[in-house]
Structure formats: structure tokens, C-alpha cells
Amino acid sequence: MAEIVSLAEAVAAAIGDGDTVAMEGFTHLIPHAAGHEVIRQGLRDLTLVRMTPDIIYDQLIGAGCARKLVFSWAGNPGVGSLHRFRDAVEHGWPVPLEIEEHSHAGMANRYAAGAAGLPFAVMRGYRGTSLASQTAGVAEVTCPFTGEVLTAVSALRPDVAVIHAQRADRAGNVQFWGITGVQKEAVLASARSVVTVEEIVDELDPRPNAVVLPSWVVGWVALAPGGAHPSYALGYSARDNDF
Amino acid sequence: MAEIVSLAEAVAAAIGDGDTVAMEGFTHLIPHAAGHEVIRQGLRDLTLVRMTPDIIYDQLIGAGCARKLVFSWAGNPGVGSLHRFRDAVEHGWPVPLEIEEHSHAGMANRYAAGAAGLPFAVMRGYRGTSLASQTAGVAEVTCPFTGEVLTAVSALRPDVAVIHAQRADRAGNVQFWGITGVQKEAVLASARSVVTVEEIVDELDPRPNAVVLPSWVVGWVALAPGGAHPSYALGYSARDNDF
Amino acid sequence: MSYTSDEMMTVTAARTLRNGMTCFVGIGLPSEAANLARRTHAPGLVLIYESGTIGAKPSALPLSIGDGILAETADCVVSVPEIFNYWLQPGRIDVGFLGAAQVDRFGNINTTAIGGDYGAPRVRLPGAGGAPEIAAACREVTIVLRQSPRSFVGRVDFVTSVGFGDGPGSRERLGLTGHGPRRVITDLGVLEPDPRTCELVLTGVYPGVTVPQVREGTGWDLRVSAGLATVPPPTDAELAALRELRAAGQHHPRSATAGSSQMTGAIR
Amino acid sequence: MSYTSDEMMTVTAARTLRNGMTCFVGIGLPSEAANLARRTHAPGLVLIYESGTIGAKPSALPLSIGDGILAETADCVVSVPEIFNYWLQPGRIDVGFLGAAQVDRFGNINTTAIGGDYGAPRVRLPGAGGAPEIAAACREVTIVLRQSPRSFVGRVDFVTSVGFGDGPGSRERLGLTGHGPRRVITDLGVLEPDPRTCELVLTGVYPGVTVPQVREGTGWDLRVSAGLATVPPPTDAELAALRELRAAGQHHPRSATAGSSQMTGAIR
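Chains as they are written, first to last, in the working numbering: chain A, 1047 to 1289; chain B, 1047 to 1289; chain C, 16 to 283; chain D, 16 to 283.
Be careful, since some hints might not be right.
Distance windows between CB atoms, simulated [claimed, not checked]:
#1 D181(D) with K1114(A): 29 to 39 Å
#2 K1114(A) with S17(D): 47 to 57 Å
#3 R1090(A) with G35(C): 27 to 37 Å
#4 R1090(A) with L243(C): 38 to 48 Å
#5 E1186(B) with H194(C): 18 to 28 Å
#6 A255(D) with K1114(B): 54 to 64 Å
Some chain B residues close to chain D (C-beta under 8 Å, calculated; not the full set) [claimed, not checked]:
#7 L1234
#8 P1260
#9 V1263
These are computed hints drawn from the structure, not numbers from a lab.
Model, not experiment: these values are computed from the prediction.
Beta carbons: idealized from backbone N, C-alpha and C, even for Gly.
Excised from the complex, chain A in its bound form:
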């Protein structure tokens, strides 16, 4: 069952130096407050996993928290470049950053395989791209029925998933809606999880398109209103494109 604690307590309890940490949220519901808390606590040597490592990971990289980045699109959608990421990759500055690069479909399937307790997922993808040869965790697999050759991607099993959600109830059940991205898979694929929320309520009334993660698959829940800023939380806050 999830424990409701402060954000500082949640990060301290869930994340240690050297951990593999997936902070997810697809443009919407990016867990920025939790990212800042990771920087504040001075965590080091993290392997950071995220489909779209926008500003949140650029800050973590710039603060020297990261050893490795696993990702599929490193840009800040619509509003700018990731300077720390580019410095690290182009110039090895401030420190070299190991990268493991996939496509979105590959990352999504890797999380899904992790959530499903499988060591790999089957998909159509990567074939003919330069990515296939540069990236670990991509292989061929042959259909035992048709003989067709498809792509296998290795499962992602992070130590910790960190997400931001609109609401939790006092039992630690978590609810988020709008663009829900890959957060369910990230939490279910990870050994531990931290969820920051805009609000803690007595009861989660049903919402269209809401994902509910029951308390017993969630590790720590922390109240962090505005915790997605400069990203947004549908129904709570707007995206700050000036940031």
C-alpha cells in the first residue's frame, strides 16, 4: 500500500545513488518538482530513463546527477533545445553522458514488456535504421508460425518510476487523466514508485479517460501542487512556455 509522505521523504526513501530512474509524463504531467528534489538531494550516477527527456532531464544532467540517459526524443517540444544534453553529447561537458537511444515505439514497448513481466516485446520497427546497430536491447525475433522476422526490444525494469498525477485519495490510490502517456507502464515496470499529486482528496470520483493506479502498486505519494511546472496538469495548471 502506498505511503503518503513529503516529497523529500519520498525521494529519499525511493531513490539511491546509481539507481535507474524513469521520470515519465508525455509533455503533460512531467514530474518537475520531483526532479528538482532529486537535484536538491544531490543524487549521483543515475541512469535516467525517459521517452522525451526535455527540460526536466536537462536540469538533472546539468546538475551532474546522471551517468547515462535512455531516451527516444531529446528536445523540448516546440520551445527549444536541450543545451546541457547537447553539451554532454557533443563535447563531453561537464561530464561524458552515456546514451542508449530508441524510438518512441521501442521505448513504449520496452515499458509495456516490463509492466507485463516479460523480458522482451515484439514489434515492427528499427529495421533498416542506423539506430538498430547503435543501440543495445534491439534484436531480431522470428515468428514461430509464419517465419516472419520481427523486432524484439528488451524490457525496461527501472528501479524507480516517478510520475506526477492530478489526484490521490487518502489510501494512496492515484488518478490521472488527459494525455496519460506511458506512466501506467512505467510504474508497473518499476520496482518502486513515487507519485506527486496536485491534490489529495477524500474520494476519487470517476473521470473520463482517467487512469487509476491502485494504492497497492504505488510506493510513495507526495503532495506537490503545481509539481508539473513548467509542464501542465490538465484541469489544474497550464503549460508555461516562457520558462
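Starting from the known structure of chain A, arrange chains B, C and D on it as the hints suggest.
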């Protein structure tokens, strides 16, 4: 884009003798009215696919529409046995019925593979059971990363999916909620689809837990109020256990 | 209060569930026991049905795994592919509660076909449903069924769901992630696997039931545990809760256990 | 009305979309063109973004593929794994609309790295995102990018997304299910693959643009189609709709094309 027609027109347009037809609905939203229309139109030699071929398929089998049954649990949940199914399997009466039998997880994954345009799905299952040796479409697959041996199940790609939903709008977008089962996968895995609905409305207002199938993946929509009877449609009709 | 052997069986099964556990519930007797536990000592028991309802809190006994009340009272409802792939398969669920038509000395389950061969069985049963993967993936499994020499056999006619396979080491060889059957609860008593041999042995009998009676109801030479216990009878509170639960299900025209009776009935 | 070459490019791209089509939309120039089409001649165009929004009907130009307005106006919103696995992968989508940093003579796309080697590139770009699978699976692909000898190269430094690979037969050998690039739309004109050689050839120029100008903007020896056409200029209605769309996006502090400028900007 979906066409809105009468149920008789929808069945006539979508289904032909010898087709593989998946009528889905997991206890909830079973497309009984469509099943009766198939009997009325005297379709023959159908391969009937359904996870839980309860009364709806017993009637189709008894009416001589079926050549083969692909399924994972043949009983009427909670209320009785399937007499025509048992007669066909135990005594070859009225005609022998070929069967292809899976587990629920296997069938669900076979539909999911079909919906995803893959020839097979990977899962943990079947190992050590007698089912594995009696059933086509189950094989071993080895993880190219860990060497672990897992189970592959072949994709289901029915000719036609038939489902019952609460509502459609006039453009043929379909919405259903409550227990949504494997219907999305069945429709997306099939070449054609028929959807009967309780109601056709001007606008589909968002509902918690609703699945929406956009018009452009739906074939024919037919109004059939009470079309799930003796099954139920949450918010519209109750289950008739006396039936 | 007097009670029936079915009531004793259901109460005994319910007692094995602890508060806060997650339980993947089969229909029939297992569902009755799981719902009883939630209504008595384990209000925080998380009920999960293969229809995709997670955390269902039905006030009446559901007649099927897809009753509307399960969806309406659940913490969340997911698709059928998702319930098996994201929730059952990875081993997140503490206990699987299963019924059976036949069980054998190694806890293997048959719900497919009895007698004859697979292509032309003497009795055709409903088949696998969710059971094979529940039996494979839950951390532990409890099996609930009425006892008779035809339902308790040395070797099941068809292995629908694997218990301990051929004995020690089978589950490991097959890569099954859960620990397998923890107990079989019948209308006479409780059988548990010997940790060394994986064979089901009698570890508990109900008040008034004798060991010879249980052995007569078993199709193999049943061993009896040195620590054989008598299971305490249902308390008044347990019985009252069970009867209330059943009565609440009475607006259903047939009793909520009809499904499982029908299922096992075929071979009684 | 006078217009810029960027407006001409966007209008030309928008015109290729027909009413009722389904379009998987990349961010930046592709999104602008697709939204323009929906606001002009193709009101029934179904916009699909990799964030999982299907049938989005944004009133303003979305700044990212995950803007709230996409979720709020969509026919349905699905998870990111689902949008790729159930919707894109099976080949349900008519057309993929992609931007690029580099494109080569066989329509292969690079959005990963320029110069140096992969481990230490001269310029690091954002990477693959959804593009490789969009390029593989959509029935056809339209690529939109500004033309320069550094963006139009004989062979891309890194194949992020496959067009026609090494030429005829490549897509078939790789098992790619879609038909590949149908056209590349630039700020100078339109290139289309020769059906026999798969090489991009110039098939259209904008009013006032000369063939030598386009050849100067191309890093390989560009062939010109015998049927070279001049693309009609934007109509007043097209321009008005485009400017209205951009103005509606102006409550965003930066222009909606910033993303794509930044992406290609690195190599201009």
C-alpha cells in the same frame, strides 16, 4: 467510415458463409440480437471465435451455423451448462464441431496481436498444461536477450467482429463502458466489424472508463435496443438470469 | 448455529485470506469465500476478477465474473488483455482462488474434459478460462472444491492448470513464477502439499469428519499429516455474514453457487 | 496577397491531405500543414498525434504533440503504447506527415546526428521520436522541410527513419508495410520519388522559383521531371486560414514553428 444501417443489412453486408466471426462481450454487452440475426439469415460453416461462448454461441451451434469453435471457456457464467456445445463435442450431434481451445490469457493475447498487426504475441502461459499439445497456435519462443523460453500464441485475425455497445453518434463513432472486455481488440483485429448499439445520439459525451472506437475503424453500426439480452448493457439493461 | 458442510468449506476458505491481500477470484465457490472474507475479517482484501475489475466491492454476491456491480464498485476497470498481461502475469497478485472439476495428488487441476480422449470425452467441461495463468502466476493458490473419489484423482485426465506437475522441481523446470497450490479446501477438510514431495496430504478435518471418510472421498492413497488438526467450526458471526451475503444474492433467481455446482456436478 | 516561401510550403503540404483521410502528425511544420488542411478543404481530416490523441480538433495550433487542447478535442485518447501498437503499427493510418533535419535522395530521414560519428557527432539532434515507425507503417509519407544543400544530401549521415533505403526493393526486403515517402515538400518546390528508381526528382516548383535555384539547394545531382509543374500560389482563402491559425497560436509566447526551426536550425 462506419455506415449506419439496419441490423439485417449490417449482418448481410459483413458476414458470409464460411467466415470467421468473433462475437465478443465479456458477460457484459454480449451481442445477442446480432447472433439471432445470423441464425435468421441462415449463415453456414462459420468459424465462431469467442472467449466465453455462452448462450449466444450455443444457439448458433444448435442452429447449425457453426463448423468450428475457437474459445477459452464454454459455459454460461453462473447459470448453467451449454447443452448444444456439450452434445456437439460429446456426441457429434447434430454435427461434429471442430474445436480450437485456449486459455483466456491466450485468447486475449491472440486478439491483441491481431489488433497490433503482429503475427504472434509473447506471454507466460500454457507451459505444463495438456492444452499446449492439443491446440494449434501455441509454440515456444526464446528471448533473444535472456535466453528464457516463453510462449508464443498466433494472432487472431477474424473476418468479422461483432460487438454490442451502449452508444454511437450519427457519424458512427462507438462508445461503450463498464466491463469493456476484449471488444476493442476484436474490432481492431478483424477485417470487418458490426456494432449494435442501445442508442444513437447526437454527441458522445465523455464517460468514465469508456472505450471509443472512431468511426473510421468501424464497419457497420445498427440500432438494437436491448440487443444484449439476456446479457446486459450497463446503464441500459439488466442481466436476465432466468433466460 | 448449525451449518452445512458447504458453509464450513466456504468459511474455511475465507479464513485463509488476510486483510490487505490481493486475490484473483474465480467464479462460484471461490468468489463466495473471497467475498465472505472481505465482509468479515479482511475488509481491505482486494478482489480482482478476470473481467478486468480491480478492487471490486460488491454488496451482493456476483453471479458471474462480469456482473455490473463489480465494474461499478471497482477501484478501476481495465481491459481483459490488460488484466492478464499487466496485472496477473507479472506476479503482482498474492493469491489465486480457484475452483476445479478434478484435482490430483500434485494439485494439478482439470476443468476441461473427463474420460475418453480429448477429441471425444465422456464429459466435456467448460475449459480453461483464466485458471491456467492464475495457477501459474499468483504467489500462491487456494483450490476450493467438493471432495469425491472422482474429483480427487491420482492423475487428472487433462492438465488444464498446473499445480506441482509431476512433483518436486516441475514448476521450476516449467518456469512458472508463482509458488503453486498452498492448500485445497473441500467439504470435508483441508489438504496441503508436503513441502518435500509436493503431494497433497490431509492437514485438517472439519468437526465430526473422520479420516477414513476423507480417505474414502479421495481417489489416491491419501497421506495424513502428523499434525492433523480439527478446523474450528464457523463462528456465529461468520455464518451470519455468509447467509446475509447469499441472501443479498437472492434477487438473482438462481443461487450464486450454481456455476460451480454445475461445473463439478458433471462428475458427481 | 503576398506570401512567404514558408507559407507556400505549408499550403502546398496541406493541399495533399484529402477530406476523410487519417493523418499521423509530426510536430512543427507537419502539424501546421495538417491543421491548415482541416481548417480549409479537409474538415473531416482525422489528426492523430503520438501522444495518443485520435481525432483531435484543435482551434489553435498546438505547440507540442501533447498540448491539452489535443486531449480535450479528441475523439479518444489512448496510451502511448497503444497509439503505436494498435493504431500506427498495423497500417491503419493513411498518411504520415514528418519533418526532418536531413533527407537523402532515397527519402531516408535523419533527425539524430550530423557529422562526426554517432558517439561524438558534430551536431546532436533530438533523435527518433515516433518518426521511424511512422515512416515504416503509414500507407504513405509526406516529408516537409526547408531546402538547403546541407539538409538535402546524397546519403544521410544517420538513417533515423527509412524512406526507400538503398533504392528499389529495400522496403520489401525490410518488411516495411507502408509504401514509403510519396513526396517531399520544401520551401522551393515538391520532390517525388521516381517509381522505377525510388530517387527523389523535382516535380514541382513554386511561382518565381527556378530549377537552378532548387538544384543549388540540393546536395546531389537533382533530376527534374519531364512533367515539371509550377505549383499554384496560395489562394487568399488559404493564406487567410493559415494566418488565422498562426494568430490563434500567438497566445503561446513563442511561435508554433519554433520546434521545427530549432530542429532544422542546427544545420542551417
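Return the status of the interface hint for P1260(B): holds when the least beta-carbon distance to chain D is below 8 Å, violated otherwise. holds (5 Å)
Can you verify the interface hint for L1234(B): is its Cβ closer than 8 Å to any Cβ in chain D? Result: holds, 6 Å to nearest chain D Cβ.
Given a cut of 8 Å on the nearest C-beta pair, is the interface hint for V1263(B) held or broken against chain D? holds (7 Å)
Should the hint that K1114(A) and S17(D) are 47 to 57 Å apart at their CB atoms be regarded as holding? This hint holds: roughly 51 Å between Cβ atoms.
Just tell me: holds or violated, for the beta carbon distance of E1186(B) and H194(C) against 18 to 28 Å? holds (23 Å)
Could one say that the CB atoms of D181(D) and K1114(A) fall in the range 29 to 39 Å? holds (33 Å)
27 to 37 Å was suggested as the range; check whether the CB atoms of R1090(A) and G35(C) agree with it. The hint (27 to 37 Å, Cβ to Cβ) holds, given that R1090(A) and G35(C) are roughly 36 Å apart.
Consistency of beta-carbon spacing, L243(C) to R1090(A), with hint 38 to 48 Å: violated (58 Å)
Assuming the hint says 54 to 64 Å, is it satisfied by the Cβ distance from A255(D) to K1114(B) or not? holds (60 Å)
Consistency with the previously given hints fails for number 4 only.
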